[in-house]
Structures are given as C-alpha cells and as structure tokens.
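Number of protein chains: 2
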Amino acid sequence: MTQRAAEKVFEDSPEHLFGVGPDFSLAAVDPASTPAFAGRKSDGKAVLSARSSRLTRLQERLFAEGRSGRRRSLLLVLEGMDTSGKGGVIRHVVSAVDVQGVQLASFGPPTETEERHDFLWRVERQLPGPGMIGCFDRSHYEDVLIHRVHGWAESRELERRYSAIQDFESRLHEDGTRVLKIMLHISKTEQLRRLSARLADPTKHWKYDPGDVDERLRWDDYMAAYEAALVRTSTAYAPWYVVPADNKWYSRLVVQDLMLGVLERMDPQWPPASFDVEAEKQRLAKS
Amino acid sequence: MTQRAAEKVFEDSPEHLFGVGPDFSLAAVDPASTPAFAGRKSDGKAVLSARSSRLTRLQERLFAEGRSGRRRSLLLVLEGMDTSGKGGVIRHVVSAVDVQGVQLASFGPPTETEERHDFLWRVERQLPGPGMIGCFDRSHYEDVLIHRVHGWAESRELERRYSAIQDFESRLHEDGTRVLKIMLHISKTEQLRRLSARLADPTKHWKYDPGDVDERLRWDDYMAAYEAALVRTSTAYAPWYVVPADNKWYSRLVVQDLMLGVLERMDPQWPPASFDVEAEKQRLAKS
Numbered sequence: 001m002t003q004r005a006a007e008k009v010f011e012d013s014p015e016h017l018f019g020v021g022p023d024f025s026l027a028a029v030d031p032a033s034t035p036a037f038a039g040r041k042s043d044g045k046a047v048l049s050a051r052s053s054r055l056t057r058l059q060e061r062l063f064a065e066g067r068s069g070r071r072r073s074l075l076l077v078l079e080g081m082d083t084s085g086k087g088g089v090i091r092h093v094v095s096a097v098d099v100q101g102v103q104l105a106s107f108g109p110p111t112e113t114e115e116r117h118d119f120l121w122r123v124e125r126q127l128p129g130p131g132m133i134g135c136f137d138r139s140h141y142e143d144v145l146i147h148r149v150h151g152w153a154e155s156r157e158l159e160r161r162y163s164a165i166q167d168f169e170s171r172l173h174e175d176g177t178r179v180l181k182i183m184l185h186i187s188k189t190e191q192l193r194r195l196s197a198r199l200a201d202p203t204k205h206w207k208y209d210p211g212d213v214d215e216r217l218r219w220d221d222y223m224a225a226y227e228a229a230l231v232r233t234s235t236a237y238a239p240w241y242v243v244p245a246d247n248k249w250y251s252r253l254v255v256q257d258l259m260l261g262v263l264e265r266m267d268p269q270w271p272p273a274s275f276d277v278e279a280e281k282q283r284l285a286k287s
Numbered sequence: 001m002t003q004r005a006a007e008k009v010f011e012d013s014p015e016h017l018f019g020v021g022p023d024f025s026l027a028a029v030d031p032a033s034t035p036a037f038a039g040r041k042s043d044g045k046a047v048l049s050a051r052s053s054r055l056t057r058l059q060e061r062l063f064a065e066g067r068s069g070r071r072r073s074l075l076l077v078l079e080g081m082d083t084s085g086k087g088g089v090i091r092h093v094v095s096a097v098d099v100q101g102v103q104l105a106s107f108g109p110p111t112e113t114e115e116r117h118d119f120l121w122r123v124e125r126q127l128p129g130p131g132m133i134g135c136f137d138r139s140h141y142e143d144v145l146i147h148r149v150h151g152w153a154e155s156r157e158l159e160r161r162y163s164a165i166q167d168f169e170s171r172l173h174e175d176g177t178r179v180l181k182i183m184l185h186i187s188k189t190e191q192l193r194r195l196s197a198r199l200a201d202p203t204k205h206w207k208y209d210p211g212d213v214d215e216r217l218r219w220d221d222y223m224a225a226y227e228a229a230l231v232r233t234s235t236a237y238a239p240w241y242v243v244p245a246d247n248k249w250y251s252r253l254v255v256q257d258l259m260l261g262v263l264e265r266m267d268p269q270w271p272p273a274s275f276d277v278e279a280e281k282q283r284l285a286k287s
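Protein sequences appear in the order of chains P and B. Going by the working numbering, the first residue of the first sequence is number 1, and it counts up by one from there. Going by the working numbering, the first residue of the second sequence is number 1, and it counts up by one from there.
In short, the hints are calculated from the structure, not lab data. The reader is advised that the hints may include incorrect statements.
[What the hints assert, rightly or not] Pulled a few chain P residues facing chain B out of the computed Cβ check, cut under 7 Å:
{"id": "1", "residue": "SER68"}
{"id": "2", "residue": "ILE90"}
{"id": "3", "residue": "SER95"}
{"id": "4", "residue": "ASP98"}
{"id": "5", "residue": "LEU195"}
{"id": "6", "residue": "ARG198"}
{"id": "7", "residue": "TRP206"}
{"id": "8", "residue": "PRO210"}
{"id": "9", "residue": "LEU217"}
{"id": "10", "residue": "TRP270"}
{"id": "11", "residue": "PRO271"}
{"id": "12", "residue": "GLU280"}
{"id": "13", "residue": "ARG283"}
[Unchecked claim] With the C-beta cut set under 8 Å, the calculated list includes, among others, these residues of chain P facing chain B:
{"id": "14", "residue": "ALA64"}
{"id": "15", "residue": "GLY87"}
{"id": "16", "residue": "ARG91"}
{"id": "17", "residue": "GLN100"}
{"id": "18", "residue": "LEU104"}
{"id": "19", "residue": "GLY108"}
{"id": "20", "residue": "SER196"}
{"id": "21", "residue": "LEU199"}
{"id": "22", "residue": "THR203"}
{"id": "23", "residue": "HIS205"}
{"id": "24", "residue": "VAL213"}
{"id": "25", "residue": "MET266"}
{"id": "26", "residue": "PHE275"}
{"id": "27", "residue": "VAL277"}
{"id": "28", "residue": "GLN282"}
{"id": "29", "residue": "LEU284"}
These numbers were taken from a predicted model, which means no experiment stands behind them. Think of the CB as a built atom: it goes at the ideal place given N, C-alpha and C, for glycine as much as any other residue.
Looking at chain P on its own, in the form it has when it is part of the complex:
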C-alpha cells in the first residue's frame, strides 16, 4: 500500500523520464523544469519528508543483511557543476537514513599519492562495505570531465578510461553493489544566481572559490564532456540519470525516488536469527 501511494508522486517514473540512453542529448533537458510532478515547492518538501521513513526502513534492512553475511550494497554517484546541489542532496536526502549505514566520500583534486596510481585506485578504497550505502560527491568521472575540458587527457586516453569505468562498474554490479549515477543539471543562469548569493553573504564566502568562475567560463565544454561521458557509460548495470536541478526541492525529490526504486528492487530482508532464540531467552533471563 505504501508502494502504491508512492507511485502517485510522479505521473511518470523518474527512471523513465531521466534515464540516459544512446541518443541522449543534454540540451534537451530543461534544468528549470519539474516534469511529472503536479505540486509546488511546499508539496515537494512535504513528500520528501514523508518518504524519508521509507528510505530509512529499506536502508536499515540492507544494513542488517550486511551484518549477517550478505554482500549487497548501494553506491550513489553524484556529479554536477559547482553549486548544482550535491551537498544539499547528501544533507536532505541521503542523511535522512541512519548515517551509521552511510559511507560518504568526496573527490577533490587528487593528492600526490593518488596521482601515482591509476585513476580508479582512490575510488576503489572508498567503495561501500556490505549493507552500506556509499555516496560519492564527485567521483571517478572527474577523470573524464575536467580532464577532457582542460585537455589533460587525449581522446585515446579518454576512450581507455570510459572502457575502464565500464569494466569497473560491471565488476561492482557482479559483486552485489547497485550503482546509481546522477547528474544534477543546472542552467548557467542558475549557477550565476547561486555563486552571486555566496558572494553577497559573508557567512558563505568560505564556500566560494575563484576557481569556480574559471570553470564556469568553460561551460559549453563541460556540457559536451558530460554528454559524452554519460552516453558512453550509461549501462544497464550502472545507469545514468540527468535530473533537472534549478529547483532544489525537485531534484531532491527525484534523487530520493531513484534511490527508493533501486532499494525496492533489491528488496532487502531482515536476516533470520543465527542463534536459538528460545535458548537465548532462557539464558538471558538467568543472567
């Protein structure tokens, strides 16, 4: 019944609406749109809050499974331009579950040690353990995004990386990790608004990096790099979704729905007791 009620949140499923296929065009996605949701911001926030407990219940079962020998996990990969709302998704969607079952990792410029290894080395070390929800704020995709935009990798090397990513994610899938990849897609105008807001508020200056404007000046190159990477690496075992993100409340609602979809299909179950329950009841009573 909960499931039925949930199906009514979107008129069409976000998985269907936002999935990236071979003919995907980033230009065709309007970052300011809020498709298939009839309500407004306040409705969206109410739904987000109402569905949090469902996410929490599914996460707790997944965690319980992991403690009892099963190896399944979920990896959420978040990508998007600066200010696209990755941190907000972590705060408002992912953190609604028990954080003891969440492994966060954020990937900035690689350290010297990391640079001495293949680009997947540092990512491998941050993969979620059994029963955990891993959440990447940026990821191994930086190596085919910023590297392409700045020309730090030539097209042949980029091809190698796309293939390496496919192999890597296929292996994760076979090992029991469901990989959910989401690009939060904002417009250039909305980014201007958000960066300006940071500059206007002294309590937000620490979040502002002049380097962000340098990247912003390469907007079109980034969009081309995203489109190429998304099309090349959106697979049945590790699909990409591009979520309109000019409206934070909407993108959060969609990410939550995508997570719920994956976890519901995983359908984690409470593990049976690995001990004799009646015997333990008696032993406990005597203790």
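Given chain P's structure and the hints, the job is docking chain B onto it.
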C-alpha cells in the same frame, strides 16, 4: 539570547553534574535518574529538537574554519555497555548536524593487522580532520575495559595504557582537537529489558549477539574497569562525563548539551574571504 534561553534547560550544568573527578564513584550515579531537568520525556524531545539547529550552526562554522586553514576539531568518544544507546546518540544527536562534517568510526574487535600494532594505531587513523566532528562508537578505551575484565592485559600493562592514553589525548588537545568523552551509564535491569526486547522482535534479531550475555555476566567487573579507567584518564584537557542513560531521551539531551558547551567555548568564526570580493563580483557578472 539563545545562550541564555539554553542555560535554563538544566537547573545545574551537566558539565558540573556529570564530570568525573578523582573521587568519582560509579555506584553513586543512578542510571535511572534525570537530574536538573524539570520536564518529562516529551519535553526532553522537544528541547533536543529545538537545540539541534544551534549545534548545526556551530558545526558549520567549525567546518568552515577547517576549510580555511585552521586545524581545530572536536572528538566525541562514546563508551558504555551493550544497548546503552551509543548508536541512538549518533542517530539523534550527532547526525542532526551536516554529516559531511562528521567522521564516524566504530571500534569492534581488532583485525589481524590492527593487532600487530600498538592499541592506539587504529585510533590515530580515524582522528577527525580540520573542522570536523569525529565520533567514536567505542574507542581506545576498549583496551583498558574488556582487556581488564578478561585479564588480557595485566595491571602493569594497564598502567602503561592509561599513561599512553593521557599522552595521546594531551597531544590531540595541543594540536587543536577538543576531546569530549562520555560514558552512557545504564543499569543491569535496563540492559535486561533492552536485550529482551531485541529477542522478542524478529526484526531486531540481527542486533542480538549471544556474546552480549557473556559480557553481561561480568557486569560488576565491567563497572570496576570503567571506574578505574574513568578516574585514571579524566583530565582537564580530555574530561570524562558519566551520563545516566536508562532514559534515552535524557542521555541524548545531556550529550547534546555537553557538545554545545565545548563548541561554544571553541567559538568558531566564519572565515574572512581569501579573495577580493568586489573584484570577484565583477568577474562573475562578466562570466
């Protein structure tokens, strides 16, 4: 004004009430008591929720500082018998802040690799980075608690460890990490109730470990080990607090208050801009 309003939550400060001094006696703390708080459970929950935003604001400033070159951090160490509510404190108190600023670590039985190192080695690797709140679910204190109870360390080795812990925590303090150590103190009767509840509910069987009853049978030895460790290692730079924890709502409220106290004394500030704000506004407008 917020601060004044907060002072009224407790009639006497938890720091004063629950701090461990040289004459501390664990037997003198009633785990079922709720001292200095006039309200009931529902009041406690309301206060906890109302004060969360204050904790969040302080944490955000600390995090901002850490991003801007300052090295300060907070380390919360949680100890207590099984079912004492450490996980609940993490879920309901610590997780109220932005989890991207929290580093959780839980310390179970050491791995083979960990056993080949000094007992502080694995702890050192989990210390919070600049601006972070570290939170330990169990800690280096296991090496003077379970080890003492089971006789895995002789008294001379225990003495060495107490001293090593003092040196370690003193170094942390000098390096800018505020260390806040809390024992959640439950009664043996309350533990029986909580373990029984786990056995009675099939969705909680995965949380039940028959080994917990083995430890429960050594209750008095554990209390002696706690008392010795607390007295030996409660210092001005890394004080211990023993919080009555038979009432979860009360212990959570107290932990929150202790964290607020430390963070308010740290008084983190928004860092000044490291760039020319006006110049950036113009550059951004042109981008």
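Hints that the structure is at odds with (numbers, increasing): 6, 19, 25, 28
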